[in-house]
Every structure is written in C-alpha cells, then in structure tokens.
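Position chain W relative to chain X; hints supplied.
In case you want the letters, here they are:
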Amino acid sequence: MTVSAPRRTAWPVALLAVTRRHALATIRTPAVVIMSVVQSVVFLLIFRYVFGGAIGTGGLDYVQFLAPGLLVVSMLFSVIGVGGAVAEDMGTGVTDRLKSLPIAPSAALVGRVLAQLGLSAVTLLATAAIAVAVGFRPGVGFAGLLGVLGWCLLVALTFGWVFILAGVATRDVQSAQGIGFVVLPLTFVSGAFVPAGSMPDWLRGFADNQPVTVLVAAARWLAHGDPRLANASHGGGYYVLVGLTWMAAILLAAAVAAVSLYRRR
Amino acid sequence: MSAIIETERLVKSYRGRPALRGIDLALESGIVHALLGPNGAGKTTLVSILSTVVRPDGGTARVAGHDVRREAAAVRGVIGLAGQHAAVEPKLTGRENLRVFGRLSGLGARAARHAAESALGRLGLEAVADRVAGGYSGGQRRRLDLAVSLVARPALVLLDEPTTGLDPLSRRQLWDAVAELTREGTDVLLTTQYLEEADALAGNVVVLNEGGIVAHGSPARLKSRVAGETVTIAVDRPEHAAVAAQSVPGDCRIDAERMSVTWSSRSGAREALGVFADLGARGIEVRELTIHRPTLDDVFLDLVGAEKPEGGGEPEGAEQPEGAGKPAGAGKPEGGR
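Chains X and W are the protein sequences, given in the same order. Each residue of the first sequence is one higher than the one before, counting from 0 in numbering that gives the first Met the number 0. Each residue of the second sequence is one higher than the one before, counting from 0 in numbering that gives the first Met the number 0.
No wet-lab data here; the hints were simulated from the structure. Check before you lean on any hint, since a few could be wrong.
[To be verified] Cβ-to-Cβ under 7 Å is the rule here; a few derived chain W residues that face chain X:
id : residue
1  : 88
2  : 90
3  : 103
[Said to hold, decoys possible] If you want a taste of the chain W side facing chain X, the calculated C-beta under 10 Å gives, among others:
id : residue
4  : 47
5  : 52
6  : 53
7  : 65
8  : 80
9  : 96
10 : 105
11 : 147
12 : 151
13 : 159
Backbone N, C-alpha and C define an ideal beta-carbon position, used for all residues, glycine too.
Okay, chain X solo, but in the shape it has when bound:
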C-alpha cells in the first residue's frame, strides 16, 4: 500500500462537477424540459385568452398585468421537481456516495440548485418570448423586461432551495412531490392572476401578506414602472425591498436547513 496524502476536492471544482452532472441529466431528459415550458406557456395562454377577459385589473391591460406575475409563478412551478430528484438521490445511494467523497456537502446541493436554475432559465425565456408574442409590452421597455427576467431567476433560486430542503428532509420522492403542492395556494391565492383586492377579506389577508404577492408586485413594477402598477397599495420600490427581504430570509433558512440536514443524515 502506498500511503499518499488524502485527496481533497476544491469547492469550485466540486460545484462544477455536480452542476455538470445534473445539467447533462436534465438536458438528456427532454420530457422534463418540454413539460416545464409547456406548462408555463399553457398557463399564460389560458389566462391571457380564456379567463383574462373576465378579470378586471383597474386600468392596466390584462396581458400587461398578467405577464410579470405569470413569469414569477412559472419559476415556482419550474423548481418543484428538484425536491423529488433530491429525495431519489438520497434513496438510491447516490447521496451516500457523494458524502463519502472529499467534497463539501454544500457543493453538492449548490450544484443541484444551479443545474435547476438552468431549467428555470429555459422555461423563463421561452415563456417570456411567448408573452411578448401575445402582447406583453413592458412599460419601461427592454430594460423592464431584463429586470423581470433577473427578478424571476432570483425567485427560482430561492424556491429551488425550498424544494431541495423538502427532498433532503423527506428523503422520499412521493412526499417531496407532495410538498410541491404548496405552490398551488401560494400562486393562486396571490396577486399574480387577479388583483388581491378582488378577494374576500379573509382570503385577502393571506394574499396580501404572503411572499408571492409581494414578488409579483415587484416584478410588475420592474416591468412597467410606477404609473402602470395596478392595484398596489405601496410604491414599487417598497415591493422590491420587501421581496428581496423575503427571498433572502427564505433562501438563507432553506439553504442552511438543507445543508445541515444533508450533513447529519
């Protein structure tokens, strides 16, 4: 036996290798990519053309109201799947193997998030392109569009960590996917598709104070600027600040919990 110094993998190298693994795996499962894009685009078209005519936004054209919110919502839907994938890795011994390698546990999970962010980005760009095609015109022009896209990626990053936590905590594919359903009340009982002001008071209390409503309002402001910010009770800058605070808090809590649970098990 030749005794050599123990091997050790630098953090960025580990991150790159993990990201590469998951990114390749995602690309080679086109059904996942297609489903993510199709789901998001179908939501857009249904609300744009089916429900949109019946929803009053108080001045703003419905497609202008809808598009920023829908892009935010589609980010939440695009990251649900990562929970099940993480749980599957934990059940099939892949996680055990990764934990036996000389890499930092955080690199394994951050790499996972980055690869998932790739899927979200593809979904985002495709949906945004269709949104523009069906009439979405950001009030502050191209910069507004870029602002919304960047904001949406932050949303995907934040909620990606939430579902990674779900996978690490449950270690069970079905349970992790089940937790994904929290996205439904979070997105539908928010200001994304309809102004929260149109809801009954008891529901409005939830809708007004939950993060998705704030994130959507911020995205709307980034797209259109103050004058066209419909049905918002505060100025746009307020929503961006509160939104960033929400995301920082959620991301930090979920990431810290996920990494420490991952190490412990």
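Same frame as chain X, now just chain W:
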C-alpha cells in the same frame, strides 16, 4: 500503521433499535476482509460509519489512521465506496460518470480523464463506455459502480454487497475485478450474505449477527471450528450397507433406502479409503464415495444457530440460513428487536 481499519466499542442505533452493539476490530492492510452476516446484522451500518456517511453514537473508528468523526475529510480522501445500490447517474454515459466522479474524488481534469479510461479498461467496460448507464445490464451497472469507487485509486475500497442480485457470470467478473484490486495493493472490505463469496475472496472473515461480532478469522480457521468432515459411502445392495457399517471405525448412520453409510471424521479421506479397501477385499462394490468438507455455510449456521434455544437442525444442504437473522433473544441482556 499496519491496521487499515480499527474500531473500538463502536455503537449505533436507529430510532432506539440497536444496529451495532459495540464492535471492536483491528483489520490489517494487505488482505481482503469480508463482513459476513444475514440481513439486519449491521454490515451496512458498519460500512456507512467507516465511509463517514453515518456518524456512530459511541466508540471510535479509524480508517488508515484517520478518525471517522474528527478527521472525516481525510478518511474521504483515502476511501472509495460502492454501496448496495449502484449509485451512478443513469443519464450519463459510463465514461462521463467516471470523469465526473473522478473530479469529485479530487483528481485534476486530465487525471480524471486518464483515470476514467483506465477504470473502464480494468472492468471491461470499454465497449459500453459511451452508452448511458441507465441502459446497462445489472452486471454492467455494478461494474461501473465499482469502477467509480476506485477511479481515484483509493487506499481502501468499501464494497457493500457488491454481487447481490447478479447472475453467476457477472458475479464472477466482479470477483475477478476485486482480486485484481488486491493484487495491486488496494485494501478491500466487502460485505456479503454469500458465504461462498467470503470464502472465494477474503483472507479474513468477520461474522456479524444482530449487531455484534460472533466470529473472526481466516476462512480455513473458521471452518476448522466445525468438527471434521462428513463421509458417505454408498454400496450396491441394502445388506451390504450393514457390512460397510462394520468397517467404519466409529459410530455411523445407515441409510437402507440409499444403501449408504454416513459418519463424521477428523480425517475423512484416510478413513474413507480404509473402508473402501476393506469393502473391496470382501468383493463389495462401492457405488459412490463422498467427503463433504465443512463450508462456511456450516460454520455460519453453527455460529448463528447456536443462539437458537432448540439448537438448530441439520445444516447440510441449506443454501441460505433460514431464520438466521432472527434468533430468539433469550438470555441476551440487550433484549432488542
């Protein structure tokens, strides 16, 4: 530093259920070690602790001199783990899997590429190197899994039930790969439920049951714990079996139906030949003569079965020790499951 693995009073429970009840081991470098035991014996728990995947509740464990708790990073830098499931990425090709895990094991980009090629060669996977692992057969997947665990040339490879569920040919290929590893100086600790496998591969066998070590030693030494060999001589007529019985030096059992006598002996071959010559002199034809040497199966049943109050039955011919995993806990202070 001749011990590759040392443990002291290693204890681990899962939700109050003891999995390891105080394991003391000192396994030397240079030979293959096998952890042998039925399901639930604690084999996987022990491997998981040694590979730093699971933290022990109490006691210490050192791998190549590094403490698994305090120096986990160093332990991870000298081992390669192949767990019970083939833990490879099914969407990546064999070559890509090896490169990714090579990088994760601390190899540089070029070294990882190089190591991937050599690992493919060592396990005979060149032909399927560019196919995605999800399309591999069970045996190919297992070999890829083993290749991944040794891509960075670890000092110690931990293999948890490497051949469970494989067909005989794939199992043989895996055995060859493990034997090759040890020739190159890599230390190997493997777990198995197959006694034949421990016998074929290991120089040292640790028999685990119910989270404790019940025996420890070379296969030959373990086998010598089971008294003697079993000799059976079959003749051509029922009445000749009785004659044959008279030639047997000690007690024997006559099976009239099979026209045979059976006895156990410390020097089976010599006694068998004596009886054979004796019968030849009397003109009695011997149809069949078998000497059954004790296998690890016998040892295993002897060891594990000893804990059964009823004393167990006839171990011969049993492939898999039925109920060996759940001996009655009578008289054991831990009580347990």
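For a quick check of understanding: which of the numbered hints are violated here, in increasing order? When the structure is compared with the hints, none of them turns out to be violated.
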